[in-house]
Amino acid sequence: MTTEPELLPLGIDGILVRFARILTEDANAKALRFRDQVQSAGLPGVTEVASSLTSVRIGFDPTETDRQTVTEAIHPLINNVDASESDAKRLWRIPACFSPNHAPQLGEAAALAGVSPDQAVAQITRQTTRVIAIGFAPGQPYLGMLPDHWDIPRQSQLTESLPRGALITAVRQLIIWAADAPTGWRHIGQTAFRVYRPETSTPFAFEPGDAVQFEAVSAADFAAIQADPDGGARCEVLRCCQR
Amino acid sequence: MRGFALLPTLTIHGAGPGLTVQDLGRPGWKAQGLSSGGAVDRLALFEAAALLGTSPGQAVIEMMGFGGTFHANADTRIALTGAEMQADIDGTPIAPNRTHLLTAGAMLNIGSARAGLFGYLAFAGGIMTAQIMDSRATHLTAGIGKRLEAGEALPFGADPDRSRQAMRIAPEPRFTGGAIRIMRGPQADFFTTETLHSFTQTQFSRSPRGNRQGIKLDYDGNGFPADGGRNIVSDLIVPGDIQMAGDGVPYILLAECQTIGGYPRIGSVIPADLPKIAQAAPGTPLQFGFLTIAEADATALSDQVLLSQLTKMCQTIVRDPNDIADLLGYQLISGATRGDDLERS
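If you read the protein sequences in the order shown, they are chains A and B. FYI, numbering that gives the first Met the number 0 numbers position 104 of the first sequence as 103, with every residue one higher than the one before it. FYI, numbering that gives the first Met the number 0 numbers position 52 of the second sequence as 51, with every residue one higher than the one before it.
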């Protein structure tokens with residue numbers, strides 16, 4: 000289903016460009032690509048370009064520019080957004096442990112997806128996911144999209160708390176958990192990766208659009224990488240920033 | 000950070016439960032999931048800066064509902080802005096929205112808010128705690144900084160102009176709620192015309208539930224659910240957004256809100272009226288009216304213009320002898336003293 004992008008006000012200093020009212024891979028790819036394009040365009044008075052699942056907010060300083068000027072400047076970009084060009088700038092390879100004590104709900108989630116736990120791990124580690132949005136907690140990535148049979152619902156009983164770095168799943172997405180809050184997503188693995196490090200010069204590991212691949216490691220190997228500040232993760236730059 | 004050791008310090012002897020260091024926050028990280036945070040009533044920081052002749056970006060102590068007891072180890076000018084809190088220095092009451100000299104060792108007591116909710120204690124040299132991501136603002140939900148507690152000592156900047164004329168300002172009234180201007184947001188269309196209309200016709204009051212992330216609104220009658228159910232895609236949030244949780248119960252999101260959320264939002268309180276929301280104590284009546292987008296946009300005010308407007312509103316304090324409680328303590332005529340010099344020395 001293709002819909003026309005909508006341009007809408009979001010605050011006196013912002014315009015939201017919404018590519019769809021439901022989450023589709025196409026709409027997300029367009030949002031990520033459009034964010035890149037607006038950032039690269041370096042429009043005068045534009046202060047912040049943020050993307051979510053299917054939309055991008057262009058924040059501007061109303062004392063330097065105005066809604067109409069920004070709207071006119073972004074209009075041609077909206078019509079030229081090419082979702083197929085949204086190659087990832089970076090690829091993260093992140094070790095994850097799927098042994099039972101680190102993945103208490105793997106069996107349950109696999110059953111809901113109609114696969115065995117081993118198949119589930121194989122599918123999750125074979126696929127390269129993308130950071131489709133960051134939020135709920137600082138730096139916390141929403142990774143997608145898994146194949147259709149992973150469209151499993153959130154559980155009605157919330158899990159009160161999860162260890163930092165927990166790999167959780169629902170609705171064809173994965174999250175590396177960073178919040179101190181209950182969740183209805185199922186805990187299917189564990190990373191030693193910190194997505195948010197406020198005290199460092201790089202407080203947020205991910206940018207929207209980053210590619211992420213998980214690598215299964217044994218419980219013994221997992222114990223070893225827990226001492227590593229990056230939890231054994233490696234980041235490869237695939238293409239340079241455009242600016 | 001060697002310079003730290005040289006800075007004067009403020010010691011906290013007692014602290015209410017809602018004390019944090021705040022400044023204008025750290026904008027620019029929405030895409031990474033961090034809301035800008037900062038003072039819930041930004042206007043109060045500009046009023047303090049206008050009074051003290053400083054920058055509104057300096058860090059202050061934000062006090063939700065209740066203050067604390069403090070002493071500084073160096074003389075400094077201070078100002079209390081935002082909520083009107085009962086306060087005294089060594090037992091002598093001090094008024095809000097004026098500059099005061101806090102002398103080294105004097106005890107500053109700040110009690111509960113008599114009007115409004117968020118009070119601000121500003122120092123001429125600013126609170127000088129370490130910066131994280133270019134800001135000193137505590138962001139509790141993001142794990143940056145923490146609530147201030149009794150026994151802590153905070154560095155503050157030396158007063159750059161201690162002999163500057165004492166000032167006062169009549170603050171913009173914002174403690175009694177009333178008519179709040181809002182604008183449509185990207186999801187206003189998700190509500191029926193009837194729901195939008197009924198929202199503007201409802202008399203709300205600020206619920207006791209609220210914090211730096213947002214406040215809940217109480218009302219009689221039906222809720223304000225979005226048309227077509229709850230399954231909307233999570234989307235970007237700005238402070239001031241009015242979201243309908245659960246069965247259409249409104250919450251207004253404030254400085255420390257999340258960056259994306261899945262609850263439908265009927266619109267946004269314009270920034271100029273957010274201080275009224277911040278300062279609405281529980282029970283304060285609130286009513287909402289939509290501006291057109293053009294009308295809302297026209298309310299934008301740059302930080303520089305706001306500061307210069309407030310600076311012009313400041314008046315120097317000319318002391319009237321009738322205002323001086325302890326007239327005989329002043330040496331008006333050489334040789335006349337209070338007569339207790341020996342006891343005081």
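Don't read these hints as lab results, they were simulated from the structure. Be aware that one or more of the hints could be misleading.
[As the list claims (entries may be wrong)] Covered stretches of chain A (in silico footprint by chain B; criterion: 3 or more residues with CB under 8 Å from a CB of chain B, positions within the stretch not fixed): (1) 124-131; (2) 157-167; (3) 199-208; (4) 223-237.
[Said to hold, decoys possible] With the C-beta cut set under 8 Å, the calculated list includes, among others, these residues of chain B facing chain A: (5) Q31; (6) G32; (7) A157; (8) P159; (9) S162; (10) D234; (11) T298.
Where is the CB? At the ideal position from N, CA and C, for every residue including glycine.
Results of checking the hints against the structure:
Counting residues of the stretch 124-131 of chain A whose CB falls under 8 Å from any CB of chain B gives 0; the rule of at least 3 is not met. With 0 residues bearing a CB less than 8 Å from a CB of chain B, the stretch 157-167 of chain A misses the requirement of three and the coverage assertion fails. Coverage of the stretch 199-208 of chain A by chain B holds [criterion: at least 3 residues with CB-CB distance below 8 Å; count 5]. Counting residues of the stretch 223-237 of chain A whose CB falls under 8 Å from any CB of chain B gives 0; the rule of at least 3 is not met.
Taking 8 Å as the C-beta cut-off, the interface hint given for Q31(B) holds, the closest approach to chain A being about 4 Å. Taking 8 Å as the C-beta contact cut-off toward chain A, the hint placing G32(B) at the interface holds, the least distance being around 4 Å. A distance limit of 8 Å between C-beta atoms decides the matter here; for A157(B) the minimum to chain A is near 27 Å, and the interface restraint is violated. Below 8 Å, beta-carbon pairs count as interface contacts, and P159(B) has none with chain A, the closest being about 27 Å; its hint is therefore violated.
At about 34 Å, the closest approach between the beta carbon of S162(B) and any beta carbon in chain A exceeds 8 Å, and the interface hint on this residue is violated. Interface restraint check: D234(B) against chain A, minimum CB-CB distance 5 Å, threshold 8 Å, status holds. For the restraint placing T298(B) at the interface with chain A, the shortest Cβ-Cβ distance is roughly 6 Å, inside the 8 Å limit, so the hint holds.
Of the numbered hints given earlier, the model fails hints 1, 2, 4, 7, 8, 9; all others are met.
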